[in-house]
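Chemist: Please take these sequences and the hints and turn them into a complete structure.
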Amino acid sequence: MFKDITLGQYYQTDSLLHRLDPRVKLVGTLVYIISLFVVDSFTGYILAGIFLVCMIRLSNVPVGFIVRGMRAILILLLITMSFNLFLTPGEVIFRAGFLKITKQGLSFAVKMAIRLSLLVIGSSLMTLTTTPNQLTDAIESLLGPMKRFRVPVHEIAMMMSIALRFIPILMEETDKIMKAQIARGADFESKNLIKKMKSLVPLLVPLFISAFRRANDLAMAMEARCYRGGAGRTKMKPLVYQGRDQAAYFVLVAFFAVCVVLRLAPIPF
Amino acid sequence: MEIKLENVTYLYEKGTAMQTAALQDVSLVIPDNQFIGLIGHTGSGKSTLVQLLNGLLKPTEGRVLYNGEDINGEGFDKRALRSKVGLVFQYPEHQLFEVDVLSDVMYGPRNLGLDEKTCRERAMEALESVGMPEEYYKTSPFDLSGGQKRRAAIAGVLAMHPRVLILDEPTAGLDPRGRDEILNLISGMKQKLNMTIILVTHSMDDVARYVERIVVMGHGKKVFDDIPRHVFYHHRELEELGLSAPQITYIMRAVREVGIDVKTDALTVEEAAEEVLRALSGHKGRARE
Chain B
-7 MFKDITLGQY
3 YQTDSLLHRL
13 DPRVKLVGTL
23 VYIISLFVVD
33 SFTGYILAGI
43 FLVCMIRLSN
53 VPVGFIVRGM
63 RAILILLLIT
73 MSFNLFLTPG
83 EVIFRAGFLK
93 ITKQGLSFAV
103 KMAIRLSLLV
113 IGSSLMTLTT
123 TPNQLTDAIE
133 SLLGPMKRFR
143 VPVHEIAMMM
153 SIALRFIPIL
163 MEETDKIMKA
173 QIARGADFES
183 KNLIKKMKSL
193 VPLLVPLFIS
203 AFRRANDLAM
213 AMEARCYRGG
223 AGRTKMKPLV
233 YQGRDQAAYF
243 VLVAFFAVCV
253 VLRLAPIPF
Chain C
1475 MEIKLENVTY
1485 LYEKGTAMQT
1495 AALQDVSLVI
1505 PDNQFIGLIG
1515 HTGSGKSTLV
1525 QLLNGLLKPT
1535 EGRVLYNGED
1545 INGEGFDKRA
1555 LRSKVGLVFQ
1565 YPEHQLFEVD
1575 VLSDVMYGPR
1585 NLGLDEKTCR
1595 ERAMEALESV
1605 GMPEEYYKTS
1615 PFDLSGGQKR
1625 RAAIAGVLAM
1635 HPRVLILDEP
1645 TAGLDPRGRD
1655 EILNLISGMK
1665 QKLNMTIILV
1675 THSMDDVARY
1685 VERIVVMGHG
1695 KKVFDDIPRH
1705 VFYHHRELEE
1715 LGLSAPQITY
1725 IMRAVREVGI
1735 DVKTDALTVE
1745 EAAEEVLRAL
1755 SGHKGRARE
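Protein sequence lines correspond, in order, to chains B and C. Just so you know, we're using the numbering used here here: the first sequence kicks off at -7 and counts up by one. Just so you know, we're using the numbering used here here: the second sequence kicks off at 1475 and counts up by one.
Hints are computed from structural coordinates only; laboratory data are not their basis. Each statement offered as a hint is correct.
Below, computed lysine to any residue pairings styled on SDA-like, alpha-carbon distance capped at 20 angstroms:
no., chain 1, residue 1, chain 2, residue 2
1, C, Lys1488, B, Arg63
2, C, Lys1737, C, Arg1752
3, C, Lys1532, B, Asp179
4, C, Lys1552, B, Asp179
5, C, Lys1478, C, Phe1698
6, B, Lys183, C, Asp1551
7, C, Lys1558, B, Gly177
8, C, Lys1623, B, Leu196
9, C, Lys1552, B, Glu181
10, C, Lys1532, B, Met170
11, B, Lys171, C, Glu1487
12, B, Lys168, C, Tyr1565
13, C, Lys1623, C, Glu1608
14, B, Lys227, B, Ser133
Modeler: Given below as structure tokens:
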């Protein structure tokens, strides 16, 4: 039942985007998100859209797979849109009872929807092309300078990668326990809120116990292999920038520059 | 009281690139009061099959009939079905959650809407059937040993009074002694409680001496469906499916190869020993003549 969620998943294939250094992708995603808030004209959104489409083409991830991930945020999108649509003051163009739509509201809602969709697709493209392990490596490397301020960067990265690693395992476990309790006559589809909360106990108790058991086993296994934190630890695959990574940084800078220019000197649309 | 599968196909991740057929065109009749071994290698579709039997999964194609009624038809009461077709999952001890063993076993009957007294009676009865000593009724299920936890979990399903009991790998992760205990328990329950039992496993040694019928699954299809002796003749085909005949079959074959004329269809060590003795005395007899 959780198999439909493609948001935040890794899509296994080979592409330029997959081979790119994870640090580039992480920085790139941040730059892209910032640029979405820098531009505020439709020309800017078209540019951002084209950029994203190019990236999707480069990633070899099927478009259908990405679109399916969008379903998860559809409700959020609709709520944001309707708030903007009905609650923005300004020049009224449509009125039905107490609901009114203004010109400003309409343009706001559309912009917001575009912005949100691009933002979600953009960041999911990163997780689709980067394994959780690469991602935490990138975070560890990018946060490296913070070590001077006694920030436990390695520990944070390790905790993140463990958390990410456990998501699919716990999802599978939830599915299993749910089925086992349904086989014992449990009803997880009750409409009654109190009944619903009560019905979760037989699911959550075994789930917590299994999470603790797994955590225990993992800690034991790590200790058995002499894990003692980040000090002096080397990597099997250290991150090294290649030519293509430098090229990618150049593209990013260029894209961001264009966005800033568009903001400062907008082309009338 | 019978379950019937009619040309059932089940696809995972239907309509995506990762679409895989867990079951392909499987037909099967499970009559009342039979002890069946359902055997297959990992990924052969056996776990999918048992989840179809109590309506946890819906077939992509084909029908599952319970007493002639389509269980996925409109208006069919699936909860009632699940009390009739009890399913004990792999590592069932992972589903325990209550404060003490007795209340955990009462969870199933409570879900059936029975009154407190009946629930308690059924739970006690079920715990007795699985051989749980009474002093454990009020202990936390998490303080039990591995084998006892498994018994408690099986009792949790038994307390719903199923007519068909499906056990998915009930011996997984148990030591040889625990394994024998659970298997003896199951076969004892079969005789005492008069129900259909489907034992899902990948080990022929587990089922050889207990079951009346073996259904072998391979690559999502039903490969054999016969009494154990007949199935074990096909040990070559079984090996191709990643399975094997019971060890005793191999021993008897080896005995035969060294020139002692024995039948190779023995299922237990005792039977095999008798057969070897019979063959040997025959030899001697002939030699004297």
